[in-house]
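Novice: Make a model of the complete structure from these sequences and hints.
Those sequence lines, one after another, are chains F and H.
Here my numbering is used: position 11 in the first sequence is 11, and no number is missing along the way.
Here my numbering is used: position 176 in the second sequence is 176, and no number is missing along the way.
Hints are computed from structural coordinates only; laboratory data are not their basis.
Careful, some of the hints might be misleading.
[Claimed, not checked] Within a straight-line C-alpha distance of at most 30 Å, the following computed BS3-like cross-link-like pairs (lysine-lysine) qualify:
#1 F:Lys64 to H:Lys396
#2 H:Lys466 to F:Lys64
#3 H:Lys436 to H:Lys149
#4 F:Lys64 to H:Lys469
#5 F:Lys64 to H:Lys543
#6 H:Lys333 to H:Lys436
[What the hints assert, rightly or not] Simulated DEER-style distance windows between Cβ atoms:
#7 F:Asn94 to H:Thr428: 42 to 52 Å
#8 F:Pro99 to H:Gln467: 18 to 28 Å
#9 H:Thr428 to F:Thr133: 46 to 56 Å
Beta carbons: idealized from backbone N, C-alpha and C, even for Gly.
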Amino acid sequence: MIIFNRVCALASIAVVGLALTACKPETIETSSSISDQSYEADWDAIASWPGEIADDAEAEPNPKMVTTVLVLDDSGSMGSDIHAAKTAVIDTINGLPSPAKVAVIGLNSGEILPTTDILDAKARISAALETVTANGGTPLGGSMKQAYALLTEEASRQRGFGVYRIIVTTDGKAGDEGTLRKNTAYILRNTPIQISTIGLGIGTGHPLNLPGRTTYAAIDNVSDLAAALKAVSAEQASFEPMSNFQAVN
Amino acid sequence: MNLFTIAKNALLSTLVVVAASGQAFALGEPMNEIISADARDCRPGLNVSMPIIAWGADAVTIEANGGDMESTAGGFADAGWDVKLSLEDDFAKQVEDYVSCQSPFLRGTLGMLTAAAPVTEADARTEQVIIYKHSWSAGDGIVAAPGIKKISDLQGKRIAIQAYGPHVDFVSRVLTDAGLSLDDVEIVWSKDLSGTDNSPAEIFARGDADAAAMILPDARLLTSDGNVGTGAEGSVKGATILFSTLEASAVIGDYIAVRRDFFEANRDAVGEMVNALLNSEEDTRQIMARDGDAEQTRIGSMIADIMLGGLPAEEGVFLWHDAITDGWSGNAKHFGDPADPRRFSVLMDEANAALMGADMIARPYMLKTAEWDWSALAHGLNDISAREIASFNPEKAAAAVQRLRRTGQLDANTKIDFQIYFEPDSTTFPAELYAKDFEEIIRLAATYSGAIVTVEGHADPLHYLKQEKAGAPDQELKGIRTSATNLSLNRAISVVDALEGFANGEGVSINRNQFTVDGVGISEPAFNPPTTAEEWRQNMRVKFRVLTTQAEATEFSPL
Chain F
1 MIIFNRVCAL ASIAVVGLAL TACKPETIET SSSISDQSYE ADWDAIASWP
51 GEIADDAEAE PNPKMVTTVL VLDDSGSMGS DIHAAKTAVI DTINGLPSPA
101 KVAVIGLNSG EILPTTDILD AKARISAALE TVTANGGTPL GGSMKQAYAL
151 LTEEASRQRG FGVYRIIVTT DGKAGDEGTL RKNTAYILRN TPIQISTIGL
201 GIGTGHPLNL PGRTTYAAID NVSDLAAALK AVSAEQASFE PMSNFQAVN
Chain H
1 MNLFTIAKNA LLSTLVVVAA SGQAFALGEP MNEIISADAR DCRPGLNVSM
51 PIIAWGADAV TIEANGGDME STAGGFADAG WDVKLSLEDD FAKQVEDYVS
101 CQSPFLRGTL GMLTAAAPVT EADARTEQVI IYKHSWSAGD GIVAAPGIKK
151 ISDLQGKRIA IQAYGPHVDF VSRVLTDAGL SLDDVEIVWS KDLSGTDNSP
201 AEIFARGDAD AAAMILPDAR LLTSDGNVGT GAEGSVKGAT ILFSTLEASA
251 VIGDYIAVRR DFFEANRDAV GEMVNALLNS EEDTRQIMAR DGDAEQTRIG
301 SMIADIMLGG LPAEEGVFLW HDAITDGWSG NAKHFGDPAD PRRFSVLMDE
351 ANAALMGADM IARPYMLKTA EWDWSALAHG LNDISAREIA SFNPEKAAAA
401 VQRLRRTGQL DANTKIDFQI YFEPDSTTFP AELYAKDFEE IIRLAATYSG
451 AIVTVEGHAD PLHYLKQEKA GAPDQELKGI RTSATNLSLN RAISVVDALE
501 GFANGEGVSI NRNQFTVDGV GISEPAFNPP TTAEEWRQNM RVKFRVLTTQ
551 AEATEFSPL
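Specialist: Structure representation (structure tokens):
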């Protein structure tokens, strides 16, 4: 099990396709494209994600499994809104249908809930959030890396089948914006992970708002967060097989 | 008297031999053209000679005979028999002794027994009655020269096979399942199975054949211990084991037959002999599963002394494990279960097809069986429950398949493949639509019961291509790809579910762990883009692959 925290615990973690070498900078590094900030999808890389599969990989993965990492903004600027935000996270998890797995990380708290089956997550999330307070900066880039690692680890168990997504809540500018851009680009370029963001009181001018590549919802009040999270978590890309042949023109 | 003397200057592809009569003939000709012994009546009584061959399962016969070739103890003696065993690997000699009733028994694979049919079935007295099935083979293989990766690559190639030996129907079966027949290859007959210049391994090593069917010890030697031959220490550079009975673990069956006249005169006693064999099999199998046990060493030594010219005991243990003995449950199923995909009549049909294809018999034969009431032959046995031939670790099998796909080795490890197609919007697979496909898959899985079978779902890319052409953003295209991949896996799982249900309905049990599901989405369409409705439908398919065993991954473990 990979355990993350905000101190330099990432240094010894190895995930195939990555070299997580140090705490700073917390970019997702590869030997060939470390500085590549292109968002353009690399379809070959996406098809081969997550790379080597785990020793305990599922023999018969559930193709309907949706694995979500919720990134909670627990920066100091959230102030007393953190309580409503935590409630929104609990409501969201309680509303997730099976089959699903969910993890929760805080920008400053690190891992709040490890990747957990939804039924177990519903039982554990309230207690897990109890000690989370609004305190610290907005290191979104590092949290994206952490979310990516959790999903890659889970995907290696699920042999890449299912749906993988990161849902971010944030109320401010990233404190590590360069890292955020690089890590976001890496994820979008090399993985099928879907990224959704809910910007709280910050409008639409956020680096995670990339039309056509990410989903972004702007809300003004924390009281709208629960509904926004529910709406985002309910979204699913669908693929309806064509029932009649129509040639490509 | 040995029927054969080998011509000094053996030809390469058609070995000429000289019969005792002095008449030259070519190996591979029908046996009635090379054996001229007249049928004679058998002496009354249960004092008989009985052939065994150099095969691990024959230890069961020796143990039933008190652990020796001649003995007054053991199950046979307890049943009133006085049996003298003899090691006889020259099958033509066996047939000659059988016809003249030096021994009323024949010992061989079904292919061998069927090859003898033109001789034995010509006289009512010598018609064969199959009384017992010893085992399936997990100890034979086909070795191929560099460049031959799949069975279908054998088309037009020369294959060395022992005439009247155990591999004619083995080669025929795997060729047939790869869409070929014996007519598509050139057979190079050898006189011997192993250990001489006229064995398949030696013919292959000389370069006089592109592939050869042989026992696994020879195959391992030629391929540097089952890898790729280095050219050193007796190996052939670049040679590999193309296929073996580790995968095709229900293809070569070993049997005992008895003359009809003898059987009819001694039916009850023969039944008691079979019961002694069944009890001996149960005891011997349990002993041979206990590594380091003194009794295991004793039997290993016995096998090595009698069959392997005095090699160390561990070689005898290895030879035992090359056989998967049937015991009571295997015999009862093989001879008595009409739903068994590998029942006797199916094997009989395969042997006939193979030998007719090789021009060794002119017409099909249906050898008789004893038609035992198997429940009446269970006395003395402790466990008559069914046994699986092989067990698989499904997680490791899935990891192995994924690794093969990632490294581009999956096609090279696919020995046989088979596809079924489905309706565009189908999520169920009704038996009435797919019964024929399912029957074939069940047959393949049973025949190659030691092999991983992958079930690989594919989706059609047309919807994706249309959206891509229309300029859909990456986010949408990714969503379509993800959904297609999951859809393809879902279909693979649904097919296995439906297959399992169909098998249950037919009274056939399948080992679900043998099937590894996978979904490749739109990454490997048969037609990209599909330009007709037919091509479009052919993209919506599930592909079954029979893989060679990846031992480290599958934990193949004959029981």
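Novice: If a hint holds in the structure, say so; if it does not, say that too.
Specialist: We went through each hint and held it up to the structure:
1. F:Lys64 to H:Lys396: Distance of about 22 Å is within 30 Å: holds.
2. H:Lys466 to F:Lys64: holds (25 Å)
3. H:Lys436 to H:Lys149: At roughly 29 Å apart (the allowed maximum being 30 Å), lysine 149 of chain H and lysine 436 of chain H satisfy the hint.
4. F:Lys64 to H:Lys469: holds (28 Å)
5. F:Lys64 to H:Lys543: holds (21 Å)
6. H:Lys333 to H:Lys436: holds (23 Å)
7. F:Asn94 to H:Thr428: 42 to 52 Å: Once the Cβ atoms are compared, 33 Å apart, the range 42 to 52 Å for threonine 428 of chain H and asparagine 94 of chain F is violated.
8. F:Pro99 to H:Gln467: 18 to 28 Å: For proline 99 of chain F and glutamine 467 of chain H the Cβ distance comes to about 27 Å; the hint holds.
9. H:Thr428 to F:Thr133: 46 to 56 Å: Since the Cβ atoms of threonine 428 of chain H and threonine 133 of chain F sit about 52 Å apart, the hinted range of 46 to 56 Å holds.
Hint compliance for this structure: hint 7 is the single one not met.
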